[in-house]
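**Student:** Guided by the hints, dock chain Y onto chain E, whose structure is given.
Take a look at the letters that make up each chain.
2 protein chains.
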Amino acid sequence: MRSERRTKKIRDVLERRQPDLTLVMENIHDPHNVSAMLRSADAVGIHEVQLVYTTQKFPRIGSKSSSSANKWIGRRKFSSIDECYETLRTEGFQIIATKLDESARQLYEFDLTRPTAFVFGNEHAGVTETAADQADATVYIPMMGMIQSLNVSVACAVTIYEALRQRMHAGGYDAPKFDGNNLDELIREWLKK
Amino acid sequence: MRSERRTKKIRDVLERRQPDLTLVMENIHDPHNVSAMLRSADAVGIHEVQLVYTTQKFPRIGSKSSSSANKWIGRRKFSSIDECYETLRTEGFQIIATKLDESARQLYEFDLTRPTAFVFGNEHAGVTETAADQADATVYIPMMGMIQSLNVSVACAVTIYEALRQRMHAGGYDAPKFDGNNLDELIREWLKK
Chain E
1 MRSERRTKKI RDVLERRQPD LTLVMENIHD PHNVSAMLRS ADAVGIHEVQ LVYTTQKFPR
61 IGSKSSSSAN KWIGRRKFSS IDECYETLRT EGFQIIATKL DESARQLYEF DLTRPTAFVF
121 GNEHAGVTET AADQADATVY IPMMGMIQSL NVSVACAVTI YEALRQRMHA GGYDAPKFDG
181 NNLDELIREW LKK
Chain Y
1 MRSERRTKKI RDVLERRQPD LTLVMENIHD PHNVSAMLRS ADAVGIHEVQ LVYTTQKFPR
61 IGSKSSSSAN KWIGRRKFSS IDECYETLRT EGFQIIATKL DESARQLYEF DLTRPTAFVF
121 GNEHAGVTET AADQADATVY IPMMGMIQSL NVSVACAVTI YEALRQRMHA GGYDAPKFDG
181 NNLDELIREW LKK
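Chains E and Y supply the protein sequences, listed in that same order.
Under the numbering used here, think of the first position of the first sequence as 1, with each following residue one higher.
Under the numbering used here, think of the first position of the second sequence as 1, with each following residue one higher.
One thing to keep in mind: the hints can contain errors.
Quick look at which bits of chain Y chain E covers, simulated, 3 or more residues with Cβ under 8 Å [said to hold, decoys possible]: (1) 90-100; (2) 120-130; (3) 143-155; (4) 159-168.
Some chain E residues judged to face chain Y by a derived CB distance under 7 Å, without partners named [as the list claims (entries may be wrong)]: (5) D42; (6) A43; (7) W72; (8) Y108; (9) M143; (10) L150; (11) V154; (12) V158; (13) R165.
Derived by calculation from the structure, the hints in this document are not laboratory data.
Beta carbons: idealized from backbone N, C-alpha and C, even for Gly.
With the rest of the complex left out, here is chain E (with noise of 0.2 Å):
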């Protein structure tokens, strides 16, 4: 009975998944905010991440315990933001990153319900000037009060939310967005860990 009902939440979880959603995480450097940002992803659905190091060590990120969702996200490393959204750009990605510059536009303008990679940079830093320059837009979170930025994984969650909300009026997640074979094969992988 235990097996069925991880079976059964595995499939529908995955049912859910959204390979046409992900994240491009550049040098985020805290562990907690990684953290917080792969639970925020698990929950909208998001299958896999990428991460591009270049600055920073690459944090270590604990998968074993199941009640994490450091375990149910896959995590792609690329050494360059160039090979990064050249590999996003080939499987049909906008790449949109988020930082502040007179281009930028406002998160709720944007259609998140096409295949869409957001890319946060460095908690300091913010994304580099490569990774917003190459980007096909720069999108900026509405904020109204004194003090003009968010937490990482704050910023991440709105960000990724909105993607949610859009996707869900639309239907986005009433169907699974894996085929048959790839579904089986995924839920196959996913009942080991």
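**Tutor:** Just chain Y now, kept in the frame of chain E:
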């Protein structure tokens, strides 16, 4: 010049403040969570939060630094949920407790342009039964992943940013919500901070 810029910034922020949106923080334990929640609250224009600490000691909140949101968010303390809710109801708020119970409705179904108070509970215990039972409604954030919870400060940001989204769309930040006299008085108060 510096002082003119400061006056303008304070006026701009106060003109966007949402006295009809608030948080009830019930026994939130970790000061980092409290600070993160106040930072998000400032960002969406919340003017004041309600603190109900019955099982936990009230956390120390530093509010001297201008770079901290703590300084710019008013705080009212209550010794019970009853007292807090009674005050909020007199002021016209709908009270929505964040709890996944049988009658909970999904975040995106609520009209958050109405005067709204969101109740967030302790990190481990969640909102108390009293706080949930006596609220007008309970709300949950959709979660599609393996892990069925979010950090309280992340949940808070996602929730109140949905209020910001709805209010921006409805023009809720386009005109001051304080009347002229109150606005001028608040500007004078904030200039002294």
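**Student:** Does each hint hold? Answer for all of them.
**Tutor:** Each hint, compared with the structure:
no.: 1; hint: 90-100; in the structure: violated (count 0)
no.: 2; hint: 120-130; in the structure: violated (count 0)
no.: 3; hint: 143-155; in the structure: holds (count 9)
no.: 4; hint: 159-168; in the structure: holds (count 5)
no.: 5; hint: D42; in the structure: holds, 3 Å
no.: 6; hint: A43; in the structure: holds, 4 Å
no.: 7; hint: W72; in the structure: holds, 4 Å
no.: 8; hint: Y108; in the structure: holds, 6 Å
no.: 9; hint: M143; in the structure: holds, 4 Å
no.: 10; hint: L150; in the structure: holds, 6 Å
no.: 11; hint: V154; in the structure: holds, 5 Å
no.: 12; hint: V158; in the structure: holds, 5 Å
no.: 13; hint: R165; in the structure: holds, 6 Å
Of the hints listed earlier, those the structure fails to meet are numbers 1, 2, in rising order.
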